[in-house]
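Enquirer: Those protein sequences? They're chains A and B, same order as listed.
Sequential numbering from 1 applies to the first sequence in our numbering.
Sequential numbering from 1 applies to the second sequence in our numbering.
You may find that some hints are simply not true.
Chain copies aren't distinguished; within one or between two, either way the pair holds.
Said to hold, decoys possible - Computed list of lysine to any residue pairs in SDA-like fashion (alpha-carbon distance at most 25 Å, straight line): (1) Lys339 <-> Glu87; (2) Lys102 <-> Asp378; (3) Lys102 <-> Gln216; (4) Lys339 <-> Gln216; (5) Lys387 <-> Ala107; (6) Lys339 <-> Asp64; (7) Lys387 <-> Ala348; (8) Lys266 <-> Glu137; (9) Lys339 <-> Gln94; (10) Lys266 <-> Leu139; (11) Lys102 <-> Asp250.
If you're looking for bench data, these hints aren't it; they were derived computationally from the structure.
2 protein chains.
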Amino acid sequence: MPVGLRAPETLLPVAGVRWGTACAAIRQSERDDVALLECSPGTQVASVFTQNRFVAAPVRLAHDHLEAQSPRALVINSGCANAGTGENGYHDAQLICQEVAKQLNVAPEQVLPFSTGVIGERLPVDRMVAGVRQCSERLRADGWLLAAHAIMTTDTVPKGVSVQTILGGQVVTITGIAKGSGMICPDMATMLAYIATDASVTRSVLQACLEQAMAQSFNRITIDGDTSTNDACVILATGAVSQPSITTVDHPEYPEFADALTSVAKTLAQAIVRDAEGATKFVELEVTGGASEADCLRVAHTIAHSPLVKTAFYASDPNWGRLLAAVGRSRVPNLDIRKVGIRINNQAVVAGGEVAPTYTEALGQSAMANEELLVSVDLGVGDEQAKIWTSDLSTDYVRINAEYRT
Amino acid sequence: MPVGLRAPETLLPVAGVRWGTACAAIRQSERDDVALLECSPGTQVASVFTQNRFVAAPVRLAHDHLEAQSPRALVINSGCANAGTGENGYHDAQLICQEVAKQLNVAPEQVLPFSTGVIGERLPVDRMVAGVRQCSERLRADGWLLAAHAIMTTDTVPKGVSVQTILGGQVVTITGIAKGSGMICPDMATMLAYIATDASVTRSVLQACLEQAMAQSFNRITIDGDTSTNDACVILATGAVSQPSITTVDHPEYPEFADALTSVAKTLAQAIVRDAEGATKFVELEVTGGASEADCLRVAHTIAHSPLVKTAFYASDPNWGRLLAAVGRSRVPNLDIRKVGIRINNQAVVAGGEVAPTYTEALGQSAMANEELLVSVDLGVGDEQAKIWTSDLSTDYVRINAEYRT
């Protein structure tokens, strides 16, 4: 069950963008599993991809296409990652791009392919081609929520958000969708996420802004420390709203746009954690008082990846010993455990490296009972800080991942 | 259920060493939870401790005592780690050492204290003192197996092994016991392990030999990536067998002794993995063809810490995509996924970064059905290799760690 997360009731269309979806019966025969996005000519596109060296075929092809031309379409399937499929898989992805190109009357290099699902199986190309044809007949401006559904794998709810802001006196919209609930530890990249805006922003600014937003959102979540082979995030700026184009990061409207984009990215990233496989808790981990942001992140990730801490979260057990043990093994230079303080939902638990004087087990259990946890660790040696989001480790996580694909 | 592991039927006494055990009812009232080791005067002692910066009180006190005098006794309790207890915990450990010293007529600084169990609770000093008195009345040369029982926490079987070898024409014995089944990722240290030999070996040689043995045994196992606050391994050489003393690592008998010690340490380390919390598989992970041993270890640990790989082991699912994804994100320089090969119990699964031509799902499932798995990853870029041992991630692991202490 997702933690504090519902399917979006509505997602705002973005002028210049249309989505179509269809069922190619890749793993299931009763749901849409292909989504096609078409964007208007002149749309600026920026993207980030997985840093995993085991890169899926569509990711390789998308890289190649991005170098060749400016994209006009994205085609996404769930149910099959087309990873570990070698040159055959690359060729399959090419065939699908060619079909999209034919349907939309663009060049194959203007189509970016994405896949998510099981690793090591071939795509059913014939059914995908038929699905792409159906998608192209169904393109619609209000197709975002359908697309959010079509890209789901083990997700239990579709994830999406829209924000509007004012740039140059005109209302611009940013809408994004994402999927992902396992194999989540984005590394300068993300799970599949697609964001579009009708604002006018140049490609280089869009890329810089996307990377900045990623650093505060998708790169700050972890469910299981596993980085996917297919992670990708794409942002499109159609320029349908012709406010004065944001052409540099020094543009006076850049901060406003960057804030709005970061807000969308954070909401999508947190939605992935809230819908983590088997999750019963949504945990915000805040590390303060570090000598550097990197130290704070290191401590935060060590805590977030500790199976013992995560099972304690699952048990609503205020097991501060496991938290402190994770801090202690994080290999941060100059760590002085006697200066470490820990609060759970603002309840002081550890002070000076041992149990806080005011702490009682009853207070700890009360704080842990919440399904939303804020765990604050103060290292007490500097002024830097960092924040990440994670989930608990439940028997359902094991069950889901033991049963998936078997 | 432990994987391929039974309680030792017998453990050989080591001349000069006696163990006594007693029940101090620290967490359970019907089992021994205190163990006392007494060694003869002149015994050489070497040790390694946890590298976790959050160090338990007894570990701090043991460090202090080791600097002051040569040890004559070890006192160990299970059920309470005496960690995160600050100066009070340090004082508690001192009181217990004082009682041991009084009973055995040695200096308090000649007593090394060890604790294992729940973090953040105080020791019941009165009951511990009474337990120590009982232990001292029960000292016996054949007390090793009783001691192996007394130091258990979530262990399901006691762990111990004896080997004999010939040094300088005389039979010498090495016997060791260990405990541990969770919070296991030793970092230049180990869980609690106590090894004794009647051979004559000087302290500095013993220390070097212990560190060498650790590097091939306890530092090569991981269950959950969590490094304990109380890890310690101690080796005692009583010198009761007066073969020509091994005084340098260049001594002709050193390799024989080092091999025997490494063999004991490996057996104990692997026993910990075989009895890992919730384990249903014992996995040997072998990485070959690396540019350096460090690269091979990095890949091996990335695989061993992947919850997705570990749940696939649990499901007996030949999910090579998850293995390859873990290799891909291991951040090893010059990794070329197209050169990576993977074998499971000698069944070729991946070749050249994709599914091996001879592989079938039936063959993979057959290989994975075994409860002992040898997973071999060849990086194909060099001649270095490394081997580690790990377990799977089961719903029982989560259940045990969610229920423990709640």
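Enquirer: Next step is simple, just say for each hint if it's right about the structure.
Expert: Status of each hint after checking the structure:
no. : hint              : in the structure
1   : Lys339 <-> Glu87  : between (54 Å within a copy, 14 Å between copies)
2   : Lys102 <-> Asp378 : neither (57 Å within a copy, 42 Å between copies)
3   : Lys102 <-> Gln216 : neither (38 Å within a copy, 60 Å between copies)
4   : Lys339 <-> Gln216 : neither (27 Å within a copy, 35 Å between copies)
5   : Lys387 <-> Ala107 : neither (42 Å within a copy, 50 Å between copies)
6   : Lys339 <-> Asp64  : between (50 Å within a copy, 22 Å between copies)
7   : Lys387 <-> Ala348 : within (18 Å within a copy, 43 Å between copies)
8   : Lys266 <-> Glu137 : neither (33 Å within a copy, 64 Å between copies)
9   : Lys339 <-> Gln94  : between (57 Å within a copy, 24 Å between copies)
10  : Lys266 <-> Leu139 : neither (28 Å within a copy, 63 Å between copies)
11  : Lys102 <-> Asp250 : neither (40 Å within a copy, 75 Å between copies)
Violated hints, listed in ascending order, are 2, 3, 4, 5, 8, 10 and 11; each of the other numbered hints is respected by the structure.
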